[in-house]
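Student: What follows is the residue order along each chain.
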Amino acid sequence: MQQRRELDQVYTNRKLLNGQLDTPKWWAPTVTILGIVVVLGLIVIAVMINKGLGMTGLARPVYWGLFITTFVFWVGISHAGIMISAILRLTQAEWRRPVTRAAELLTVFSLLTALVFPLIHAGRPWRIAYWIMPYDLARGIYPNIRSPLNMDPVAISTYLTGSTLFLYIALLPDLGNLRDRTTGWKNAMYTVLALGWRGNPRQWKMQTVGGILLSALMLPIFVSVHSIVSWDFAVASAVEGWHSTIFAPYFVIGAVHSGVSAVVTMMALMRWLWKWDDFIRPEHFDALARLLIVVSTGWLGFTFLELIFALYGQDAPEIALREMQMFQWPWNGLFILFFLTAYAIPVPMWLFKRVRTNIALMFWTSILVNIGMWLERFLIIVPGLARRTPFVYTWEAYRPSAVEWTIFIWSFAWVTFLMLLFSKFFPLVPLFEQKESQVFTTDVMIGRAKVPAIIREAD
Amino acid sequence: MTTAEFGTHNWGMVVDIDKCIGCNACVIACQAENNIPINTQDRVERARSISWIRVERYWEGDFPDAKARFIPIMCQHCENAPCEPVCPVYATYHNSEGMNIQVYNRCVGTRYCANGCPYIVRFFNYWEPVWPESLRNHLNPDVTVRSRGIMEKCSFCVHRIRHESRKARSEGHEILDGAVQTACSSACPTSALNFGNFNDPNSKVSKMRGDKRHYTLLDQFGTDPNVIYLAKIDADKKVGAGEAATHG
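One line per chain: the protein sequences are A and B, in this order.
Taking this note's numbering, the leading residue of the first sequence gets 5, the next gets one more, and so forth.
Taking this note's numbering, the leading residue of the second sequence gets 899, the next gets one more, and so forth.
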């Protein structure tokens, strides 16, 4: 364990509740500006639904473009929450504690955003109801469960439900804490939300057991969600670059890469904005960067495997597609940018401890990773469709329109907006986790013996 | 089980490339029959034109021995269609008569089917279709006008098949061979396009299908189309052209 400062509980409370009890000065203007962007984005979405998808840049043969890319991107980001909270919880990685809530939040809000994209990219979004729900049972018309597009809503809504519960259970002790420190309508709100949390041993036990059970239950969902998203592409048997058998693990590990990087970005922002230098410490960045080195290298392996499969199979259209992806303008420019940002620049940098513990460098490299991972999805989805096939008579016809870019920017503003709104009412760093880890590292004197304050029960 | 193994009808088409002169009469006939929106210059330039059948021109050989070839391409009504399993709402499915059906009411416009189709014969309505006032009364009342946001494609003129089957039933006999003609096949001046029932061994298309020139498009995907092509006969060459050289 790294050396850390002894923090007393009053200081921890005051510092970590500064978002709720005394709002920072930058909060209101930032939320206002983001709110304006969000409203503008919603207006653009409404106009697009009203006028038609002709407002996008989509054209034969590229029927899926920026919206689906961004959908996959946000689903990928959502993998951060479970990776950090559930997996690291089950493996008892102590350093996860201050970042769990932020990661879970990112999961919930990015999933909410991801869900918007398949809906608005459909030609008739007002008919979405029977895409997901069986309708008109009298005539035996069910949704087609063979279609991955139908497994998507199932997987994503399960994931969303699970991670919302997970977030809420972890929030309960802090809600009780806030209830005891507020008055008026806020007190009334926290009283309802805290569900009668008193912090007695029985409640703590149930809260812990609930968290562990949910972690274990979420693991299969964690694997399945991005696998299913990858099957959206993998089952299209006639599309080169899509019909790959390695897509499921490839997408999942890529999602962890981008999701954990997004958590790093968020942690740096939290440290700067709320001045939580005592809680979000360089050793946390160090640990996450080590994790990222492993994950990203595994992901790079899959990226190369994909190319090797094309070469080994000697499938001419597949090789032609890779050739287009890597050597033809404008795809080659994007490919180089993708490779540099997703791996070649950040990962070698993370090999140095000086970089791993430098918050500013970690912030910028984690942003680079997400630029790269967005490009990766774009380079998988669009060239596969835009390629010149035997019977296509127009190709490479896609250029994202201003409407698509606006909605793309909207999604980022929307996630940030939700985060900041959340931070006004709920603590972004779990207080009880923070205090618990503090206690774990504290020693008490019993007679002459120095023993840990808490002995963890054997699991 | 394929449509060939059950049911009385397995509708299909035989396209004799050797007879095709690339006149585009089929394209115009289809456009008029099926209420397809007018492909304005703007839509063609944006790669958003809709044509359920198209005549592709391609060059074979190098100059000066280059030859212009034509091949009409429409929905292949595959028995093992890549577009069908991916539709989340069963808007496209295979019916018992060998046809790939597009149900406009169900379609929500995910465009997944179009991504899957290797023949690029599925079209998306980006805008609400409009016709000039003078053409409004020319719309075919038997064919649905597709609203924006849904996919459409060649239906094998399903309304004509239904019309003929109702007529045959009221007259108390089976549908006669040649009674059902699609708009494209009836417009074809050289009888390059032939429509009929593959389940009737004596039908014209069944006999044509037995020709040794027969092949299907992109058979490496295993889609098993119900549209059969007959290869071009080249006077100066022993074998047929293009695909036929390998598949004939």
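Hints were generated in silico from the structure; no laboratory data involved.
You may find that some hints are simply not true.
[Unchecked claim] Label-pair restraints from in silico Cβ distances:
| id | chain 1 | residue 1 | chain 2 | residue 2 | range |
| --- | --- | --- | --- | --- | --- |
| 1 | B | S1045 | A | A50 | 40 to 48 Å |
| 2 | B | C921 | A | T301 | 53 to 61 Å |
| 3 | B | Y956 | A | W409 | 46 to 54 Å |
| 4 | B | D916 | A | F416 | 51 to 59 Å |
| 5 | A | F331 | B | S1032 | 49 to 57 Å |
Glycine residues also receive a C-beta, built at the ideal position from the N, C-alpha and C atoms.
Student: Hint by hint, note whether the structure agrees.
Tutor: Each hint tested on the structure:
no. : hint                          : verdict
1   : B:S1045 to A:A50: 40 to 48 Å  : violated (19 Å)
2   : B:C921 to A:T301: 53 to 61 Å  : holds (60 Å)
3   : B:Y956 to A:W409: 46 to 54 Å  : violated (37 Å)
4   : B:D916 to A:F416: 51 to 59 Å  : holds (58 Å)
5   : A:F331 to B:S1032: 49 to 57 Å : holds (51 Å)
This entry does not satisfy hints 1 and 3, going by the numbered hints stated previously.
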